[in-house]
Amino acid sequence: MNISRRGLLAGAGAAVVAASVPAWLLSRGTGAGPQTGRPEHVILVDWDGFDPDYLDLAPTPNIDALAGRGSLSVADGVYPTISNPARASMSTGAYPEKHGNAAYYFDEETGKAVGETRFLAAETISEALAAGGKTTAAVQWYMVQDHGASYGDPEHLYVRPDGLFEQRVDAAVEILNLRPVDSGGEMTTVPKIPDFLAVYGPDLDAFGHEEGAESPNMGPLLAELDRQLGRIVRTTKEVGVYERTAFILTSDHGMTSWERSFVEGLAATPDLGRGVEIVPPGRAPSPETEVILVKSAGLIMDVTLRGRAATPERRADVQRALEELPQISRVLDAGDLDDLGAGEKIGDFVVEARAPWGFGFAEPEEGASRGGHGSTREMRVPLLISGSGVKAGAVPENARLVDVAPTIAALLGIRPLADAQGRVLDELLYG
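Residue 402 in UniProt numbering sits at position 402 of the sequence shown, and the numbers go up by one each step.
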């Protein structure tokens with residue numbers, strides 16, 4: 001099996017972004033265009049686990065208003081669809097193969113399974129902006145912490161409020177009003193409205209994991225997040241920078257529901273051979289283990305082979321055994337992972353669960369579901385770009401999550417990011 005980045009969504013059983021028109025996209029009209037000059041400020045809002053299908057669940061007047069002054073579409077994410085690798089790509093413009101952030105894999109050097117980390121080997125948008133003389137503030141947009149944003153640094157501020165998106169917006173409002181905020185225990189005031197402000201919200205991801213993507217509570221939650229987004233926009237009007245600000249709303253990955261766990265079933269599959277072990281992050285497998293399974297985010301399992309299982313003949317046997325399991329929808333091998341830019345840290349295979357199965361340890365109660373991600377099915381994410389310097393009604397061509405940071409750099413007039421593999425979405429911008 002060979003998967004190209006362009007064709008991965010079709011391979012996952014979803015419509016290719018360029019060929020699909022979501023219902024919510026048809027319902028968003030376009031309004032009068034904003035100012036055509038380059039913006040002085042960019043505000044990025046990043047909602048973790050924001051599946052594009054959620055936009056059909058509730059009225060979102062603030063998203064609609066921004067869409068009327070810009071572009072609302074879907075973008076291709078990165079693989080695996082896990083928060084830290086994806087957010088690293090959002091902030092650097094690079095795929096995991098280049099920025100080096102991977103999650104839920106077996107590290108042969110340490111001999112232990114690894115969970116999520118904040119490792120970065122690529123320049124972030126915050127670092128590039130700082131090098132270009134721009135000021136930044138990150139409200140728990142955590143991949144740039146100590147990579148262009150730090151506690152107590154007024155010009156490149158990092159803050160981490162307790163709570164959820166509402167509390168993050170509280171901090172953003174204080175920053176925009178040039179009032180002191182708690183930055184690592186130190187009350188810090190920015191010297192001017194930041195050129196770049198990023199605000200992270202975990203709500204949709206946390207709720208999606210707990211109740212599943214089809215939860216009846218998801219619509220009301222989205223409506224509340226939209227209201228909080230409106231607070232940010234309203235504050236830019238109150239402080240006099242709205243007409244000179246570009247807004248971006250996007251996410252790291254989508255969300256898919258699952259109902260039954262196949263963790264133990266996979267480990268007990270006879271054809272995988274002897275020495276199969278599920279290894280949690282931070283733990284080392286037994287010395288005799290030859291098939292190492294590291295579960296991740298609910299829908300994928302990393303598979304690393306060693307010893308006799310790593311021989312070409314046994315590798316082929318293991319792959320065939322995995323592909324024959326009815327609970328598995330896809331087995332990605334080294335070639336597939338390379339095509340997706342997943343990076344060399346990932347194991348020999350990544351297996352994706354077939355609905356209604358997942359890889360959670362705690363199986364939902366009868367009739368209930370949980371949400372997960374990690375697979376190719378969660379690679380579509382919303383992408384809203386609006387405001388100053390953005391053409392109203394323009395449609396991006398094959399937009400990707402790795403295009404976000406290069407586009408921010410272009411909007412604010414700095415040099416391209418050093419390690420970016422994405423491009424500037426010029427078709428959306430004036431000038």
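It is possible that some hints are incorrect.
Mimicking DSS-like on lysine-lysine, the simulated pairs with C-alpha atoms at most 25 Å apart in a straight line are [stated by the list, open to error]:
# : residue 1 : residue 2
1 : 391       : 345
2 : 345       : 98
3 : 112       : 237
4 : 112       : 391
5 : 112       : 98
Hints were generated in silico from the structure; no laboratory data involved.
Those earlier numbered hints the structure runs against, lowest number first = 1, 3, 4
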